[in-house]
Amino acid sequence: MTSGGLVLSPTAPLDEASRDEQDLVARLVAADAAAVGEVYDQHHRAVRAFASRLVGDASAAEDLVHEVFVSLPRAMRGYRFESSLRTFLISIAVNHARHHVRAATRRRAALSRLAFEPEGRTTDPEQVQRRKELASLLTKALDTLPLEQRVTFVLCEVEERTSREVAEITGVPEGTVRTRLHHAKKKLREELSQEGIG
Amino acid sequence: MTDELLKAATRASREENADDGGDGRFTRARVMASLHQGKLKRRTRLAFILPIAACLAAGTAWGAATGRLPAMFHAISEAVSYRSRQAPPKQGAASTAPSQKPAELAEDVPPPEIAEPPPPARQTKPGLARAEPSGSASKPTPALRSSAAFQDADGDLYRLAHEAHFDAHDYGRALAGWDAYLKAAPNGRLATEARYNRAICLLRLGRDAEARQALEPFASGKMGYRQTEARQLLDELSR
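Protein chains in written order, with the numbering used here: chain A, 1 to 198; chain B, 199 to 437.
One or more hints might be untrue.
[Claimed, not checked] Selected chain B positions facing chain A (in silico; Cβ < 8 Å): (1) ALA216; (2) ARG226; (3) GLN430.
[Claimed, not checked] Some, not all, of what chain A presents toward chain B, calculated at C-beta under 10 Å: (4) ASP41; (5) ARG107; (6) ARG130; (7) LEU137; (8) VAL158.
If you're looking for bench data, these hints aren't it; they were derived computationally from the structure. The beta carbon of each residue, even a glycine, is placed where N, CA and C say it ideally should be.
Isolated chain A (complex conformation) (with noise of 0.2 Å):
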């Protein structure tokens, strides 16, 4: 997994990049729209990723990638330096979720009633086929899971982040962390034999 937050550069002085992370977080609490732009070229595909594994919907991750970006500047107010840039934004994707997860899974659940889904690449091979079908089993099964703990799995099993760094993008601690990831894995083996593929 790649370093989050603000990339430096191994040779710039640690000073002067702290510097100019100071610089741009106050800059973002200013509400300044280039530095909002700034931050999202360099870490927008990040939390579009995370959006899509946690929501399984490439639209409402969109929505709620827009979110993330706009609530930011207000956001910053509370931003301590304890972590990195992008570790806030995934924690801040992570408090917006709820509405977006509630809307795709709607959604989802609707078009499963109509037994009809969005179109896919028809040119895929084979194994492509079988990932998204099994992307598509997982999501179905993280709909049945409570927001925190389908959060929680994303994050530690599909994102594959420490349980230390878990705990700090949701503030909890890391026992509650492992709880929840236990839990989470639980119900979804359980789902998963109920559809009767296990």
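Given the structure of chain A, go ahead and fit chain B onto it with the hints provided.
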């Protein structure tokens, strides 16, 4: 077995939603538009609230200094109680008076301000091509580019969607672009044009039901834009 499946599904989800190298330009432009609008809203709010607050403060200070404050409060409370006594008959009158039908009321609403519609495309062939605005026809003119609509961040969204539609002919991306523009500026100066282009994208993508729904307001003439072309497209769709 379930454990293996869970691991495989987790890996699949990781790979499926990995960074696909997409540049997220539409969302970036949307973020910028939202920030810009937020700033405008704050400024407008300040522009209204500050003078009102200043008047209130000055009035109160003047009233206190001249000893007329109690009289002012009395006058204000009289006025307020007079209005509240007058209010019920007014509401009653409003609920009984209108004999207009909802449709008529709706017609009274002025149409949204739209950009000057570009000239309709030449109708040389039947079918979809004749009803789609040509790139140059719907491309923002230099005058439009310099207008207020294009000085803000919404203009970037419009341009991105326009490029995807008319230059790259990537209708999936263009649809996302038009949606993003319409989300950012639902009553924007070019919203009508964007809605029409969106309908064309839906048609191009074979999403006929949605396209039909999107074209209906144009065909009925409510939008005041490309009515004939929309009508022709709907006719083609219903064949």
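(request) List in ascending order the numbers of the hints, as given earlier, that are violated by the structure. (result) Structure breaks hints 3 and 5.
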